[in-house]
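Since chain P is already given, all that's left is putting chains U and V on it; use the hints.
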Amino acid sequence: MSDGARHHGQRHGGQVAGGLRRGLGAVTPGALSVVCVLGALELAVRSGLFDERWFPPVSRIFAELADQATTSGFREATFETVRSWASGLVAAVAIAVPLGIVIGSSPRLHASVKLVIEFLRPVPSVALIPLAVVMWGTGAETKFFLILFAAVWPVLFQAIYGVQDVDPVALDTARSFGMGRGRQWLHVTLPSTLPFIATGVRIASAIALLLAVGTELIIGAPGLGRAIGIAQSGGAAVRMYAYIVAAGLLGMLLNLALGRVERSVLHWHESHRTVVQ
Amino acid sequence: MKAWAARAALQLALPVVLVIGWWVWSESNDSFFFPPLREIVQAFEDAWIWERVGSDVLPSMTRLLAGFGLAVAAGVAVGLLLGSSRLAYRAALPLIEFLRALPPPAIIPFGVLVFGLGDGMKVVVIAAGSVWPILLNTIQGVRSIDPRFVEVNRAYRVRARDRLCHTTLPAASPHIFAGLRASLSIAVILMVLSEMTASTNGVGFFLVQSQRGFALPEMWAAIVLLGIIGCAVNAVLVMIQHRLLAWHEGARGSALSEVR
Amino acid sequence: MVLDVVNLSKAYGHGERSTLAIESLTFSVRAGEFVCIVGPSGCGKTTLLRSLSGLVKPSGGQALIHGSPVDGPPEAMALVFQDYSRSLFPWMTVARNVAFPLRRKRMPKAERDAAVAESLAAVGLADAAERYPWQLSGGMQQRVAIARALAYKPEILLMDEPFASVDAQTRSDLEDLLLSVWEAVDVTVVFVTHDIDEAVYLGDRVVVLSPSPCTVDRIVTVDLPRPRDQLTTKSLPRYVDLRTEVFSAIVKRPAPDG
Numbered sequence: 001m002s003d004g005a006r007h008h009g010q011r012h013g014g015q016v017a018g019g020l021r022r023g024l025g026a027v028t029p030g031a032l033s034v035v036c037v038l039g040a041l042e043l044a045v046r047s048g049l050f051d052e053r054w055f056p057p058v059s060r061i062f063a064e065l066a067d068q069a070t071t072s073g074f075r076e077a078t079f080e081t082v083r084s085w086a087s088g089l090v091a092a093v094a095i096a097v098p099l100g101i102v103i104g105s106s107p108r109l110h111a112s113v114k115l116v117i118e119f120l121r122p123v124p125s126v127a128l129i130p131l132a133v134v135m136w137g138t139g140a141e142t143k144f145f146l147i148l149f150a151a152v153w154p155v156l157f158q159a160i161y162g163v164q165d166v167d168p169v170a171l172d173t174a175r176s177f178g179m180g181r182g183r184q185w186l187h188v189t190l191p192s193t194l195p196f197i198a199t200g201v202r203i204a205s206a207i208a209l210l211l212a213v214g215t216e217l218i219i220g221a222p223g224l225g226r227a228i229g230i231a232q233s234g235g236a237a238v239r240m241y242a243y244i245v246a247a248g249l250l251g252m253l254l255n256l257a258l259g260r261v262e263r264s265v266l267h268w269h270e271s272h273r274t275v276v277q
Numbered sequence: 001m002k003a004w005a006a007r008a009a010l011q012l013a014l015p016v017v018l019v020i021g022w023w024v025w026s027e028s029n030d031s032f033f034f035p036p037l038r039e040i041v042q043a044f045e046d047a048w049i050w051e052r053v054g055s056d057v058l059p060s061m062t063r064l065l066a067g068f069g070l071a072v073a074a075g076v077a078v079g080l081l082l083g084s085s086r087l088a089y090r091a092a093l094p095l096i097e098f099l100r101a102l103p104p105p106a107i108i109p110f111g112v113l114v115f116g117l118g119d120g121m122k123v124v125v126i127a128a129g130s131v132w133p134i135l136l137n138t139i140q141g142v143r144s145i146d147p148r149f150v151e152v153n154r155a156y157r158v159r160a161r162d163r164l165c166h167t168t169l170p171a172a173s174p175h176i177f178a179g180l181r182a183s184l185s186i187a188v189i190l191m192v193l194s195e196m197t198a199s200t201n202g203v204g205f206f207l208v209q210s211q212r213g214f215a216l217p218e219m220w221a222a223i224v225l226l227g228i229i230g231c232a233v234n235a236v237l238v239m240i241q242h243r244l245l246a247w248h249e250g251a252r253g254s255a256l257s258e259v260r
Numbered sequence: 001m002v003l004d005v006v007n008l009s010k011a012y013g014h015g016e017r018s019t020l021a022i023e024s025l026t027f028s029v030r031a032g033e034f035v036c037i038v039g040p041s042g043c044g045k046t047t048l049l050r051s052l053s054g055l056v057k058p059s060g061g062q063a064l065i066h067g068s069p070v071d072g073p074p075e076a077m078a079l080v081f082q083d084y085s086r087s088l089f090p091w092m093t094v095a096r097n098v099a100f101p102l103r104r105k106r107m108p109k110a111e112r113d114a115a116v117a118e119s120l121a122a123v124g125l126a127d128a129a130e131r132y133p134w135q136l137s138g139g140m141q142q143r144v145a146i147a148r149a150l151a152y153k154p155e156i157l158l159m160d161e162p163f164a165s166v167d168a169q170t171r172s173d174l175e176d177l178l179l180s181v182w183e184a185v186d187v188t189v190v191f192v193t194h195d196i197d198e199a200v201y202l203g204d205r206v207v208v209l210s211p212s213p214c215t216v217d218r219i220v221t222v223d224l225p226r227p228r229d230q231l232t233t234k235s236l237p238r239y240v241d242l243r244t245e246v247f248s249a250i251v252k253r254p255a256p257d258g
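Chains as they are written, first to last, in the working numbering: chain P, 1 to 277; chain U, 1 to 260; chain V, 1 to 258.
Think of the hints as simulated: they come from the structure by calculation, not from any bench. Just to be clear, a hint being listed does not mean it is correct.
Computed Cβ-Cβ distance ranges for the label pairs, DEER-style [as the list claims (entries may be wrong)]:
1. L236/V / L164/U: 51 to 57 Å
2. V19/U / V37/P: 51 to 57 Å
3. A8/U / Q169/V: 41 to 47 Å
4. D172/P / D197/V: 38 to 44 Å
5. D197/V / G182/P: 51 to 57 Å
Each residue gets a CB set at the ideal place from its N, CA and C atoms; glycine is no exception.
So here's chain P without its partners, still in its complex pose (with noise of 0.2 Å):
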């Protein structure tokens, strides 16, 4: 084989090699960190290092997991935990995002009621489920309203900021270029306010969540948050660990839908990164 081939055919392996490890660099360090991690447990429990009565082997949790996930009880309270969590989160986002847009666009209102919501978002919604739970019971409005009350909050104050940071340049432009205030709202305001909203979305969603499976768990009402509750107070250790690894994944899934969406909606705005107030 003549040298130019040779030295052809080695870069060409080279390129092939180096382009299969960095794909694999992309995989391996957390999926070997996962299994590692897990590993590490199950030998800590198993040596006895860890107390079985306390925590158990990861292999029998997942077992357990793997076993409830097909009853219908199971089913049930996920799918209890996931409706309260949609309903409060898109009412609070309906809510929400009309009423930041409004205020956000007028100085003299955002001033009025600038204390009162700079009151009312530290506090801590879940103080307000014994309440809840004296006027409406242990049921599913309870969560309904004590989701939407603590979601509201992340949306309402994001919108607001989104609508205030509108950059005037762009809406000078857009005013040169003839248009009237509705359109310079559609054209401007809107697609300017939106990742910030996206944001306060992601936050919110996490609230919300955080919200029904903590109403569930306080007051007992259907859902992932009850059944490790009474996994725990019952004693069955491994179902409690079970539950909650399901309730992780639970989470997991629902910011990867809500990402997705986001990534939909926002796709021309790229990687928006405010931090976050």
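Below, chains U and V alone, put in the same frame as chain P:
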């Protein structure tokens, strides 16, 4: 002078109207769930000024600060590590994504099982649930440090310790503080939740006790107190942020004015 | 010779997609000299400076300081970057920015403070010690960066188009400031610029680079009298001749791909 007064008036108008409205409306109507504001104020005075501060507020605040402090220490330390190493970050990412997606209340039964019903459990639960925004924001802050700063340090052969304390941490601090704000609200929520499930003292405990005893004015008073606590800790954090990040606000302000 | 550059070359990337930024550079700098490096845009001036300062490893050849090869940022060198706004730390005052590189020298605090005060005074910013960089104008920020390099007491001062981002008025002030500082202190300056007037005005010698991938086109000795002055020096016939020589050396050779 007048402009300042006009702005204050505008901001205070709605709150004042709402409070007066609440007072009048709750006085006249007979709803069991909404006792007269007058009674709520009375109950607040009876319980929280200053009767139960030592027995309930103090334990609550201690747990909150201990848990949050632990979350800050762990979150910043681990965040600095993971932010500095691409490989470590990629390796840890799936685990972090899972743990931060886990709804914090789910940790409480785990805490009760392993740590019992005492203060230790509450501190651990508060820390474990609220560490994630700090961790993630610290990582983000470290990864987005202006590469020019790194170059300056290389060119002048700055020592590692000085790099960490005087470049990495200050440069990442705006991100870290944003994480602190989010974490603090989760910490407060977990403090209340953990006291509602498994406690013998604390404001959350008092809240649940009042509800069980159908003592509505006392319950409302506890809700108001929790609102005040939530606001107060947040305000303290904002004050600290303004002092430590004054340079950041100044630098951004001058950058923006250059652009415009 | 305090600085020797021998057959320095630098290529980015590898295999088929590598680009040659510097083909081969060879020149030397004497102690205490003021050497300017000019060349057409994109010819690799900044790459050269980064190789000299140890921030980047050359692909071939080497840079030698007192005979030892540069491998990582050398102790004896201080670097002044072009964009001052990103090279000064916004969370530190001017004084602390200047003092920061001195921390590794383990000087007693009093000595360090004195060094900081001295270099700030040398650049005319004694009053600005407790201000923050973002409170200062662009020209003042660059002076702080120069003060920081001076306080470090380097043997060699590398400057990467330091006055490119300031307006013309500020630029002449900074040029004269730099000359007065250089004359007062015993330091060798390697000054990279795209501004031919500036290069001839400031330097003892001007190294003219060819278009990318660059080599040394020629080295022009600037035999203008010192101290230099913006008005009188720039109206000397000899200045015009030198300037023309450098200018035509750069312009005469058009870039290969336009």
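* When the hints from earlier in the document are held up against this structure, which numbers fail? -> Those not satisfied: there are none.
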